[in-house]
Amino acid sequence: MSQIEIKSLNAYYDKLHVLKDINLNVEKGEILSLIGPSGSGKSSLLKMLVGLLKPKSGDVMLNNKQVNYSNNSDLRLIREQIAIVFQQYNLFQNMNVLKNVCIAPTKIQKRDQKQVEEQAINLLEKVGLKDKLKSYPDELSGGQQQRVAIARALCLNPEILLLDEVTSALDPELVQEVLDSVRLLASEGMTMLIVSHEMSFVKEVSSRVVFMDNGSIIEINDPKIIFENPKEKRTLDFVSKILKD
Amino acid sequence: MGYTLVYTQVLEFFPYLIRGALISLQIAILAFFGGMFFGLIFATIRTFGNKLMNNLVIWYVTFFTNTPQLVQIYFLFFALPEFGILLSPFVAVLVGMTLNAAAYLCEIQRAGFLSIRQNELDAAKTLNFTLTQQVKYVILPHIMKVLFPPLSNHYIIMTLGTSMAAIFGVEELTGRAFNINSETFRSVEIFSLTALVYISITFIATFLLALIGRYFFKAKMRIIQ
Amino acid sequence: MERLIEEIPSFFTIWNLIFLGKAMGVTFLLTAIGCFVGFSLGGLLAIFRKTKSISLLPLRFLIVIYTEIFRRIPFLISLLLIFYIFMILKISDNLFLIAIITVCLIATAYIGEIIRSGIESINQTQWDAAEAMNFSYFQILKEVIFPQAWKVILPPAFSFFIMFIKDTALASQIGVMELTFAAKILNNKGFSPLLSFGTILILYFILSFPLDRFGKYMEKRLVTNRN
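Chains as they are written, first to last, in our numbering: chain A, 15 to 259; chain B, 8 to 232; chain C, 135 to 361.
Bound-form chain A, shown alone (with noise of 0.2 Å):
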């Protein structure tokens, strides 16, 4: 029994075919990457598990149980075991590190107070802001405002984490830092889906990678195999032309 189960699944963006029949399987700790050229549908997909984008036709189960996307009750249920970190504009402006952290487990799950903060703070230190608790988002580089986003999401206690290319939107010399933060939660083995441009960084943390084209899965295989010897043309068009750059 996987964790998640995506069956014959078709979503829209108004009359755009954003997600073309998908069928995938997430197993519990496995770390699933998804590549792919821009207007794939890669982000689309995870913006659907969470419920932002409604499915057109086709099932979704977690951990055995069916979800109705359209059910609200059943939404509630789904973010409560699914988190997720967007590119860019994460934090909420107006609290300061700290509070972005606490305000959903805190406000939403209605957990202590006390409890919430430690756990938040323990959680910042593994990212290396400790020292930034009291400060505001528009005091913060991209990279540690990514990194809080994580810690923030973290503190949710979800059992699958969603990383929507949390680099794509940094100068380039601050992407280490978010990926070691990432890295460092691979290693604690939550399930992860990451969607990244960033390949040596896929190549390495990944179980499995998926490539995405046009809103459907052309090819789902070991990092190995699909950045040396993909099994579809496609898949090595586009590999062939990341790795050169």
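By construction, these hints were calculated from the structure, which means they are not laboratory data. Just so it is clear, CB atoms sit at the ideal spot from N, CA and C, and this is done for glycine as well. Possibly wrong hints are sitting among the right ones.
Chain B regions said to be covered by chain C (calculated; three or more residues, Cβ under 8 Å) [stated by the list, open to error]: (1) 94-103; (2) 170-180; (3) 188-199; (4) 205-213.
With the hints as your guide, set chains B and C onto chain A.
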């Protein structure tokens, strides 16, 4: 009148009303372009002129933007005769609206001038554009794109502003509504119909301006939402 | 000219000054109450207009219709419509009340749009991040959006307030004792129109100009604050 709305009695005056709308548009367009002309001169003075001229324009703009257009026209219509200047209602309204518009349009156009970015000019210079070429290919298109939305918006405001001409007896849309009202006494029907006409002309104007803006000036404007 | 100078002492009597002072108060009240109500109700309109659920579609539709109507009719027409509706349905013959209602209806439409713009200026990711953490629509507005949007809303809202002072001049047409009507009364009493309307122009200026300067100062403060 009681509680029954009788629109039929009022609908026969509809063509008369619509012709009034044409007069409203006439006033708005004349005052707008008059205001644009003087506004442009003022904006130029503000951007490039000497200290004295600059200050004069600032006082002018400050005065006209901090007092109501209605009272400005009242002043022109009732106070000028003291100096021997007699203006007809139509002219008083037109002059008043033009003077008022000149102040606002000066500020709008000045903002347009100030929006030119130095690096655009630098890029044009390095590509060896002559001054005329710089103006034609870089400065003008940019200014037009920046200015079109606020100017269009002010035009719509002025169109609605023409309704105060009725207070002075001008027979534009509102004025004609007054006339029909005093004949039929169907006040609610008449003024709701007039409201509908204003809504229609502003919608048509917004739509046309949005089209022109999008295709000629590359200025993206919404119609609603 | 001499006649004008002769008139000045009889124009600027205590009675007249008090009269003008009261009229100025009425102008200010109309503007202030209108904007206060406009801000409150306009805020509600904006909040409900940005909802996404299908069940609220009729409400959203009504809000759009309301807003478009009151923003596309001249102040004078709105005023007369409300006036005649009140007269004919015998709701009230209190002119000030009619003017206040009109002013509130118009301000709600305009300020509602300003608030909506402010809400829309906040990046979509802020909404997405909060929604993905199970915030409700109203929680997102309260905890995330409005604390950021108010800085974008305040300058144009204040601008509107200043502009609205001038719009209230039209209330004079139904006989509300505000500044413009006061000028007409003084003029009708026999005072020189130059003096009457000239003084009123100056009084409007005195109301509007300091607020305008304050508005510009506030806008500067907000811009530097943001950076």
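inquiry  = Of all the hints numbered above, which does this structure not satisfy? Sort the numbers upward.
reply    = Going through the list in order, the structure violates hint 1 alone and respects the others.
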